[in-house]
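Visitor: Please model the complete structure; the sequences and the hints are all you need to start from.
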Amino acid sequence: MLKFILNRLLVLFPIIVLISMVSYLVIELPPGSHVQTLIDNYERDGVHVEEGTKKMWKAQYGLDKHIFVQYLLWMKLIVFEFDFGNSFHYQRPVTELLAERIPRTFGISILVIAIQWLIGIPIGIYSALNKYSIQDYIFSFIGFIGLAIPPFMFAIVLVYYIFVTTGWAMTGLYSPEFENLPWSFDKFLDLMQNLSIPLIVLSTSGAAILVRIMRGSLLDELKKQYVITARTKGLNEYVMLFRYPVRIALNPLISTIGWILPATVGGEIIVSKVLNLDTTGPILLEAILNEDMFLAGAIVFILSLLTVFGTLLSDILLALLDPRIRYE
Amino acid sequence: MNKSAQKVYQKYKKSQLKIAKYKEDLYRASQYKLMWHKFKKHKVAQFCLIFLALFYLISILAEFVAPYELNERDKENLFSPPMTIRIYDDKIGFTRPFVYGLEKSLDTETFTYQFEEKKEEINYLKLFVKSPEYDIFSIHFNTKLFGLENDKKIYFFGTDKFGQDIFSQTIYGSRVSLFIGLAGVIISFIIGSILGGISGFYGGKIDEIIQRVIDFVISIPQIPFWMALSAGIPNEWTGIQTFLAITVILSLVGWTGLARVVRGKIISLREEDYVLAAKICGATNTVIITKHLIPGFLSYLIVHITLAIPQMILAETALSFLGLGILPPDVSWGSLLKEAQNLTLIAEYPWYLIPCIFVIVTVLAFNFIGDGLRDAADPYT
Numbered sequence: 001m002l003k004f005i006l007n008r009l010l011v012l013f014p015i016i017v018l019i020s021m022v023s024y025l026v027i028e029l030p031p032g033s034h035v036q037t038l039i040d041n042y043e044r045d046g047v048h049v050e051e052g053t054k055k056m057w058k059a060q061y062g063l064d065k066h067i068f069v070q071y072l073l074w075m076k077l078i079v080f081e082f083d084f085g086n087s088f089h090y091q092r093p094v095t096e097l098l099a100e101r102i103p104r105t106f107g108i109s110i111l112v113i114a115i116q117w118l119i120g121i122p123i124g125i126y127s128a129l130n131k132y133s134i135q136d137y138i139f140s141f142i143g144f145i146g147l148a149i150p151p152f153m154f155a156i157v158l159v160y161y162i163f164v165t166t167g168w169a170m171t172g173l174y175s176p177e178f179e180n181l182p183w184s185f186d187k188f189l190d191l192m193q194n195l196s197i198p199l200i201v202l203s204t205s206g207a208a209i210l211v212r213i214m215r216g217s218l219l220d221e222l223k224k225q226y227v228i229t230a231r232t233k234g235l236n237e238y239v240m241l242f243r244y245p246v247r248i249a250l251n252p253l254i255s256t257i258g259w260i261l262p263a264t265v266g267g268e269i270i271v272s273k274v275l276n277l278d279t280t281g282p283i284l285l286e287a288i289l290n291e292d293m294f295l296a297g298a299i300v301f302i303l304s305l306l307t308v309f310g311t312l313l314s315d316i317l318l319a320l321l322d323p324r325i326r327y328e
Numbered sequence: 329m330n331k332s333a334q335k336v337y338q339k340y341k342k343s344q345l346k347i348a349k350y351k352e353d354l355y356r357a358s359q360y361k362l363m364w365h366k367f368k369k370h371k372v373a374q375f376c377l378i379f380l381a382l383f384y385l386i387s388i389l390a391e392f393v394a395p396y397e398l399n400e401r402d403k404e405n406l407f408s409p410p411m412t413i414r415i416y417d418d419k420i421g422f423t424r425p426f427v428y429g430l431e432k433s434l435d436t437e438t439f440t441y442q443f444e445e446k447k448e449e450i451n452y453l454k455l456f457v458k459s460p461e462y463d464i465f466s467i468h469f470n471t472k473l474f475g476l477e478n479d480k481k482i483y484f485f486g487t488d489k490f491g492q493d494i495f496s497q498t499i500y501g502s503r504v505s506l507f508i509g510l511a512g513v514i515i516s517f518i519i520g521s522i523l524g525g526i527s528g529f530y531g532g533k534i535d536e537i538i539q540r541v542i543d544f545v546i547s548i549p550q551i552p553f554w555m556a557l558s559a560g561i562p563n564e565w566t567g568i569q570t571f572l573a574i575t576v577i578l579s580l581v582g583w584t585g586l587a588r589v590v591r592g593k594i595i596s597l598r599e600e601d602y603v604l605a606a607k608i609c610g611a612t613n614t615v616i617i618t619k620h621l622i623p624g625f626l627s628y629l630i631v632h633i634t635l636a637i638p639q640m641i642l643a644e645t646a647l648s649f650l651g652l653g654i655l656p657p658d659v660s661w662g663s664l665l666k667e668a669q670n671l672t673l674i675a676e677y678p679w680y681l682i683p684c685i686f687v688i689v690t691v692l693a694f695n696f697i698g699d700g701l702r703d704a705a706d707p708y709t
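Quick note, the sequences are listed as chains R and H, same order. Letter 303 of the first sequence, counting from 1, is numbered 303 in the working numbering, and no numbers are missing. To get the working numbering, take the position in the second sequence, counting from 1, and add 328.
Because the hints were derived from the structure by calculation, they are not lab data. One or more hints might be untrue.
[Stated by the list, open to error] Label pairs and their computed distance ranges (CB to CB):
id	chain 1	residue 1	chain 2	residue 2	range
1	H	I378	R	S184	54 to 60 Å
2	R	Q193	H	Q442	34 to 40 Å
3	H	L673	R	A114	30 to 36 Å
4	H	T614	R	A114	48 to 54 Å
5	H	R540	R	V69	23 to 29 Å
6	R	D220	H	V372	21 to 27 Å
7	H	K368	R	D220	24 to 30 Å
8	H	H468	R	T37	51 to 57 Å
9	H	I378	R	A114	30 to 36 Å
10	H	K371	R	V239	39 to 45 Å
11	H	R540	R	S184	44 to 50 Å
[As the list claims (entries may be wrong)] Listed below are the simulated BS3-like cross-link pairs for lysine-lysine, each with C-alpha atoms no more than 30 Å apart in a straight line:
id	chain 1	residue 1	chain 2	residue 2
12	R	K131	H	K368
13	H	K481	H	K454
14	H	K342	H	K331
15	H	K361	R	K131
16	H	K369	R	K224
17	R	K223	H	K368
18	H	K371	R	K131
19	R	K223	H	K366
20	H	K369	R	K131
21	H	K369	R	K223
22	R	K131	H	K366
23	R	K223	H	K371
24	H	K361	R	K223
25	R	K3	H	K533
26	H	K331	H	K341
27	H	K366	R	K224
[To be verified] If we take Cβ atoms under 7 Å as the criterion, some of the chain H residues that face chain R in the derived model are:
id	residue
28	L642
29	P657
30	V691
Computed from a predicted structure; not experimentally measured. Heads up, the beta-carbon is just placed ideally off N, CA and C, and yes, glycines get one too.
Guide: Below you can see the structure in the form of structure tokens.
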């Protein structure tokens with residue numbers, strides 16, 4: 001087991017280096033730089049910027065050096081001082097801006113994954129046991145629709161529908177009256193009420209996928225001979241079901257964790273932009289539209305890093321649960 | 329033997345021959361014939377296939393089908409509601425399809441224009457109406473598929489805040505939205521099958537490296553990555569350039585799924601006896617790959633591709649919706665939905681959401697076809 005974890009950690013290192021390089025590429029990608037935009041703006045207003053001042057600004061942001069040196073400087077600050085640079089737009093350190101938002105994004109994503117499993121697995125089992133029944137068709141149909149609706153549109157339509165029917169409009173993570181209050185039970189209830197919409201929206205498509213995978217793999221297992229043997233020996237149907245085929249059918253689901261987390265984090269970003277949640281989504285979009293690339297690059301970097309760690313954690317947990325993975 | 333008995337006997341012989349021929353056909357039928365036969369049994373998938381083919385045809389002939397030009401504005405009719413096509417009028421009874429004229433009045437409380445149907449003004453629909461000249465594939469046309477008599481305006485899906493016909497915009501937008509899926513999948517397919525093929529066929533170190541790269545790409549959250557990359561598209565690029573850039577951005581992640589499918593299939597087929605036999609006979613690697621391995625998993629690949637197209641369409645919609653993809657004056661379904669972010673706007677003018685129905689229907693159709701193909705490709709059912 002220790003060897004497995006060590007092995008995984010070793011593989012992790014080059015991945016982290018690659019992620020940091022890609023994130024820096026993101027920063028460098030837009031044509032021009034923020035300093036250039038600043039200079040252009042000044043000159044458009046008729047203010048002449050001296051060559052020396054231009055050079056000084058560029059040196060201040062390290063723009064006069066080779067791109068690889070710039071990357072190393074960026075990394076040095078992150079590794080030794082946990083400093084992701086400053087946001088040009090907000091004129092504040094990136095770490096300060098993100099300290100609250102990134103945990104929210106991940107909190108919501110993890111909740112979403114938990115809900116997907118809680119909904120998806122029972123329905124998948126039910127559909128497999130009652131295949132070609134009316135309920136099975138209904139679940140399949142809902143699943144298909146859930147896969148086809150873009151989550152951000154679903155969010156808008158849901159908020160609109162709730163507003164029309166009940167008159168309650170969701171405005172953000174907290175309702176205005178609770179925004180600045182200290183934590184209390186009422187505030188918690190308010191948060192849960194507001195959170196319910198993004199959770200429903202984000203869980204739907206993932207749960208639909210889980211239902212389909214679970215249904216398919218359980219149907220495959222139910223055909224196998226050991227199931228027939230267990231039945232002929234007179235084992236209680238439900239004991240048999242949950243002790244053997246369901247556990248085996250869960251395996252393909254477990255191997256999807258690696259890509260469910262990144263997909264959920266991505267979905268959360270768009271939905272939170274639409275629903276006006278104070279998570280990473282709106283700030284990332286704003287940063288990209290303003291070409292505030294240090295902020296954007298840092299968000300991509302941190303999100304990718306945390307996703308990779310999340311996947312690693314789930315891998316280790318799985319290896320603990322399933323000995324076959326350890327010896328693969 | 330009397331005559332009638334002979335006739336019966338001959339009929340019997342003929343039918344026997346027919347059965348034998350059918351059996352032989354079945355035996356000799358290529359895998360694709362069998363697949364097609366099974367696919368035809370899947371009625372929903374078949375319907376979706378015809379439906380999508382029609383969609384693509386319409387998008388190619390967008391200028392002909394859409395009654396108005398791209399970005400054509402009608403200042404007289406801002407926020408005009410969708411018109412209903414009717415075939416029944418209280419006075420005339422049943423008649424050919426027509427729409428009522430709209431009457432505009434200013435609501436003095438909210439200072440917005442209200443539209444109401446004028447029952448006395450009946451405008452009949454007309455096929456092949458005259459229009460200003462336009463080109464499709466550099467062929468001149470001067471007719472549109474449909475319009476109203478007496479040059480009246482028709483707005484199936486209403487108009488937006490600039491007075492642009494949402495129906496026409498949706499048709500023009502389908503060009504980008506439908507073809508970005510195809511183009512993206514083709515690029516993913518090329519990268520994915522080459523890298524997946526190398527990885528599966530040669531194994532060893534190359535396999536290890538390619539697998540790690542795939543792991544890496546999958547572990548990055550795609551959407552923030554896409555968003556950040558699309559920030560790199562220069563504003564002065566033309567519509568086509570932006571379209572291609574977005575396609576490439578989407579394919580950068582999309583190829584991994586295909587590479588995995590190809591690799592997995594090649595690894596399982598590589599060990600088959602017939603591959604060993606081919607090797608012993610002295611077949612080169614190229615022959616083994618192209619003649620023996622690829623036909624073995626092409627059907628799975630087709631299924632995978634069909635299911636990858638809607639993912640690309642949804643991704644493009646999301647990017648354009650956020651304002652990072654297709655930008656005006658070009659339109660896609662995503663960029664049309666961009667306005668629909670505003671809740672008060674939707675509450676007032678719900679027809680802004682109509683392009684979303686097109687997204688959902690298209691994605692659903694692709695998923696159903698993929699499902700039908702999967703059932704057809706599986707030889708064990």
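Visitor: Each hint: holds or not?
Guide: So, going through the hints one by one against the coordinates:
no., hint, verdict
1, H:I378 <-> R:S184: 54 to 60 Å, "holds (59 Å)"
2, R:Q193 <-> H:Q442: 34 to 40 Å, "holds (35 Å)"
3, H:L673 <-> R:A114: 30 to 36 Å, "holds (35 Å)"
4, H:T614 <-> R:A114: 48 to 54 Å, "holds (49 Å)"
5, H:R540 <-> R:V69: 23 to 29 Å, "holds (27 Å)"
6, R:D220 <-> H:V372: 21 to 27 Å, "holds (23 Å)"
7, H:K368 <-> R:D220: 24 to 30 Å, "holds (26 Å)"
8, H:H468 <-> R:T37: 51 to 57 Å, "violated (45 Å)"
9, H:I378 <-> R:A114: 30 to 36 Å, "violated (41 Å)"
10, H:K371 <-> R:V239: 39 to 45 Å, "holds (40 Å)"
11, H:R540 <-> R:S184: 44 to 50 Å, "holds (49 Å)"
12, R:K131 <-> H:K368, "holds (22 Å)"
13, H:K481 <-> H:K454, "holds (12 Å)"
14, H:K342 <-> H:K331, "holds (17 Å)"
15, H:K361 <-> R:K131, "holds (29 Å)"
16, H:K369 <-> R:K224, "holds (27 Å)"
17, R:K223 <-> H:K368, "holds (27 Å)"
18, H:K371 <-> R:K131, "holds (19 Å)"
19, R:K223 <-> H:K366, "holds (22 Å)"
20, H:K369 <-> R:K131, "holds (19 Å)"
21, H:K369 <-> R:K223, "holds (24 Å)"
22, R:K131 <-> H:K366, "holds (20 Å)"
23, R:K223 <-> H:K371, "holds (26 Å)"
24, H:K361 <-> R:K223, "holds (28 Å)"
25, R:K3 <-> H:K533, "holds (21 Å)"
26, H:K331 <-> H:K341, "holds (15 Å)"
27, H:K366 <-> R:K224, "holds (25 Å)"
28, L642, "holds (5 Å)"
29, P657, "violated (19 Å)"
30, V691, "holds (4 Å)"
The structure fails to meet hints 8, 9 and 29 from the earlier list, while all remaining hints are met.
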